[in-house]
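> Using the hints, position chain B against chain A.
Okay, here's what each chain looks like letter by letter:
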Amino acid sequence: MSLSDQELKEIAYLARINVKDESLSALKVELEEILKLFEELNEADTSEVDAMSHPLDLSQPVRKDEVTEKNEREELLKNAPSAKSGLFLVPKVIEGEG
Amino acid sequence: MSVNLDNWEAVIGLEIHVQLSTKSKLFSGASTDFGALPNTQACNIDLALPGVLPVLNEEVLKMAIKLGKALNAEINSPTSFARKNYFYPDSPKGYQISQMDKPIVETGYLDIETEEGKKRIGVTRAHLEEDAGKSLHDDFEGQSGIDLNRAGTPLLEIVSEPEINSPQEAVAYLKSIHSIIRYLDISDGNMAEGSMRCDANVSVRKKGEKDLGIRTETKNVNSFRFVEKAIQYEIERQIHEIESGNKITQETRLYDSQTNTTRPMRSKEFANDYRYFPEPDLLPINLDKSFIDEVMATMPEMPSEKKERFISEFGLSAYDAELLAADKDLADFFEDVNAVSKSPKLSANWIMGELSAELNNENLTIRESKVTSNKLGQLILRIEDGTISGKIAKEIFEKLWSSDNEVDEIIQSEGLEQVTDDKEIESMIDEVINSNPEQLEQYRSGKDRLFGFFVGQVMKASQGKANPKQVNDILRKKLEK
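So the protein sequences, as listed, match chains A and B.
Counting with my numbering, you get residues 1 to 98 for the letters of the first sequence.
Counting with my numbering, you get residues 1 to 481 for the letters of the second sequence.
Think of the hints as simulated: they come from the structure by calculation, not from any bench.
Each hint should be verified, as a subset may be incorrect.
[To be verified] In silico SDA-like cross-links for lysine to any residue, where the CA-CA straight-line distance does not exceed 25 Å: (1) A:Lys92 <-> B:Glu243; (2) B:Lys289 <-> A:Lys70; (3) B:Lys102 <-> A:Glu75; (4) A:Lys92 <-> B:Ala36; (5) B:Lys93 <-> B:Thr40; (6) A:Lys84 <-> B:Asp139; (7) A:Lys9 <-> B:Gln250; (8) B:Lys423 <-> B:Leu440; (9) B:Lys134 <-> A:Glu75; (10) A:Lys70 <-> B:Lys93; (11) B:Lys342 <-> B:Gly315; (12) B:Lys62 <-> A:Asp65; (13) B:Lys394 <-> B:Lys469.
If we strip away everything but chain A, and leave its shape as in the complex, we get (with noise of 0.2 Å):
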């Protein structure tokens, strides 16, 4: 399977990844490379088996509906790169996003 420039850049925006132009035929190849093993999986006969959706044969243990977290707020403000007013400040972003 072989992508287009678009492609590329279509994935690499929806990651969020700044690819430059000139590394675009690098990645590429790369990718390729990486699609081609996919596409060795896909000539596994898969019809006769359930899909799965975890490798573990188990089911999801639950907590009961209990407040358990304190207020941390100055502690994990700490981390941000910027903070005012108890918020953590980020480039302005105005776009609807469900």
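Same frame as chain A, now just chain B:
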């Protein structure tokens, strides 16, 4: 914009996000209380710090199962979570944990009342997912402030089939869902505060056409009334576009309640591609039959069942029963009043009459009523047992509303007992007749409608306390003499 709607049919599907009223979050033990100071309820799991793992809140499973049951739906077991990948500052993980292939609730329906009678709306699915935080865009010198208190709050997204055909049906469906989540007590359903949010997928097609038109999704609609208006606007806009020879663009639009219009959200460079995949941090969840049975055992009576019971057990009219049963708090209040008064019809009348009027006046909910259910029950009981007249009861009700006094205290201290003694009533009637000889003459010479005049005079003489039925009976006898 005027368009002829007659040749067109609207096709509407609703996505309703319901914030579940758990104490703690979907995957962490942080509190979900509304209105706390920014980021005081956002723990390391909500912030997606390296190395943290989500742990599922059992309560959300119970809430989802209850909703599934109320929507006559299948409960999937195993049910599993999936990652929905997108970047947005108020979603710290860079993805949202949601459900894709195995939503907990699938394939149900809901019957709504329309002008043409009962209509069944299919419910495609209801899935669990986590809410995002909030971005604040002002006052940070060109930066946005992020409050993650809401991040990780459990949501149940209820998706309908595109089987709704008018704004009115959409509101009926939405109200019905609202009533159900309040009955199940799984959310406070407060649309203004965002605990219940509605997105509307709307398309139009010429009547008789089989294929669906191109749809838009309208977001940001936060009241029942706005849902109706936003959909109405969007239907008319689309018809107008098509009739003007334009094409509908598949897009997300925002409703603006100030102008009552919808407008497109800024379109993105590339189409969204959420690249869902099974959530590796969470195992699929097996819901044992015993667990589901346990939850089922806690199912309350639902609105439609309650309505039927109010009709069969209390002999209420379908109209009264429907009105009372639609709101759980109102229905509970009615049953509490009736437990004391033992008079269902009168209890229903008082609640929907005097009490509702006062509540509306002061903009109070039934829970905030200044007259308790017990007192209203007592009041009605005193009408039923003949202690007071209905007219006096209204006066006492006003006093109950504005004071803490008990019903019997007011009746005794103000001497408001109904006069039921025949002798006493007779003497009042005699006095009235004697002091109105002219009217008596006229009545006896055929002016029947003067009967009302005499009743009025007697009631006035008794300060409204005479039993009206006795007054009628005795007066008629005396006047005929």
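> In ascending order, which of the hints set out earlier in this document are inconsistent with the structure?
1, 2, 3
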